[in-house]
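Asks: Chains as they are written, first to last, in my numbering: chain A, 107 to 220; chain B, 7 to 119.
Derived by calculation from the structure, the hints in this document are not laboratory data.
Fair warning: this is a prediction, and the values are worked out from it, not measured in the lab.
Check each hint, because a few of them may be wrong.
Capping the alpha-carbon separation at 25 Å, the derived lysine to aspartate or glutamate pairs in DMTMM-like fashion look like this [unchecked claim]:
{"hint": "1", "chain 1": "B", "residue 1": "K106", "chain 2": "A", "residue 2": "E168"}
{"hint": "2", "chain 1": "B", "residue 1": "K11", "chain 2": "A", "residue 2": "D162"}
{"hint": "3", "chain 1": "B", "residue 1": "K106", "chain 2": "A", "residue 2": "D165"}
{"hint": "4", "chain 1": "B", "residue 1": "K106", "chain 2": "A", "residue 2": "E159"}
{"hint": "5", "chain 1": "B", "residue 1": "K11", "chain 2": "B", "residue 2": "D65"}
{"hint": "6", "chain 1": "B", "residue 1": "K60", "chain 2": "B", "residue 2": "D37"}
{"hint": "7", "chain 1": "B", "residue 1": "K106", "chain 2": "A", "residue 2": "E176"}
{"hint": "8", "chain 1": "A", "residue 1": "K175", "chain 2": "A", "residue 2": "E107"}
So the derived list for chain B, only partly shown, Cβ under 10 Å to chain A, looks like this [claimed, not checked]:
{"hint": "9", "residue": "Q12"}
{"hint": "10", "residue": "L40"}
{"hint": "11", "residue": "E48"}
{"hint": "12", "residue": "T51"}
{"hint": "13", "residue": "F99"}
{"hint": "14", "residue": "T101"}
{"hint": "15", "residue": "Y105"}
{"hint": "16", "residue": "F109"}
{"hint": "17", "residue": "G110"}
Glycine residues also receive a C-beta, built at the ideal position from the N, C-alpha and C atoms.
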Amino acid sequence: EAQVTQNPRYLITVTGKKLTVTCSQNMNHEYMSWYRQDPGLGLRQIYYSMNVEVTDKGDVPEGYKVSRKEKRNFPLILESPSPNQTSLYFCASSGRGRKDTEAFFGQGTRLTVV
Amino acid sequence: DQQVKQNSPSLSVQEGRISILNCDYTNSMFDYFLWYKKYPAEGPTFLISISSIKDKNEDGRFTVFLNKSAKHLSLHIVPSQPGDSAVYFCAAFLTSGTYKYIFGTGTRLKVLA
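Isolated chain A (complex conformation) (with noise of 0.2 Å):
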């Protein structure tokens, strides 16, 4: 089954604690990205991936690393978690090809900074 799979999917943490949040697809996808959502302010891009070793920032990256060492695995790193971070995170994937611009969502991690 094609899926993409996110970990943990609730998280509570201290402020300061360094976390990373697990993100892996089997569809042998180029592309990934992790976004956040927030009331009111939608889906926001916070890094995405072209390939593998090639990572770029979306339009909110301020306080999140990641890493594409390989190519179905994309780990969303948060050095110092502050509780502007509590949010919910999706990661997601697709392919290259122009037909393939549909992303595939995983279920969604809550963080909950305190």
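For chain A, the structure is supplied; the task is to place chain B on it using the hints.
Replies: Leaving out everything else, chain B in the frame of chain A:
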């Protein structure tokens, strides 16, 4: 600077009637426009898309219209069903040398039985 706008946060429609969700954008360079549907506690799922070189795309009960001169697109759902109740996001996609996906703020559709 919101490049993709959905000005209606919510919409209620009677079952069987037409639902029309609207989206406006500012950047004429967008290559594709897409609609996603999102249920609570799930990730968004793709619904329908349209290339910037077309003005209409239809898939079953769902039709997307693109008016490039007005920088406006709309999603029509006919007939609306209770299972269509969800949040709908409009998205615009830039393909040239980048992978920028820009989403609107969403419209919550409620289809009343």
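Asks: Straight-line Cα separation of K60/B and D37/B no greater than 25 Å?
Replies: holds, 10 Å
Asks: Just to be careful, I want the Cα atoms of K175/A and E107/A compared with a cutoff of 25 Å; is the pair within it?
Replies: Given pair K175/A, E107/A holds - Cα atoms ~23 Å apart, limit 25 Å.
Asks: Quick check on Y105/B please, does its C-beta sit within 10 Å of some C-beta on chain A?
Replies: holds, 5 Å
Asks: With chain A as the partner, please determine if L40/B meets the hint condition of a C-beta pair closer than 10 Å.
Replies: With Cβ-Cβ at 6 Å, under 10 Å, it holds.
Asks: Verify the proposed pairing of K11/B with D65/B, using a straight-line Cα cut of 25 Å.
Replies: holds, 23 Å
Asks: Has the given pair, K106/B with E159/A, been kept, meaning a C-alpha gap of at most 25 Å?
Replies: holds, 17 Å
Asks: Does the nearest C-beta of chain A fall within a distance shorter than 10 Å of the C-beta of T51/B?
Replies: Holds, about 7 Å.
Asks: Would the stated hint for T101/B survive a check requiring a Cβ distance to chain A of less than 10 Å?
Replies: holds, 7 Å
Asks: Between K106/B and D165/A, is the straight-line Cα distance small enough, at 25 Å or below?
Replies: holds, 9 Å
Asks: Taking 10 Å as the limit, does the beta-carbon of G110/B come near enough to a beta-carbon in chain A?
Replies: holds, 6 Å
Asks: Between the alpha carbons of K11/B and D162/A, is the straight-line distance 25 Å or under?
Replies: holds, 24 Å
Asks: Would you check the hint for K106/B and E176/A, treating anything up to 25 Å between C-alpha atoms as holding?
Replies: Holds, because 21 Å separates the two Cα atoms, which is no more than 25 Å.
The structure meets every hint from the earlier list without exception.
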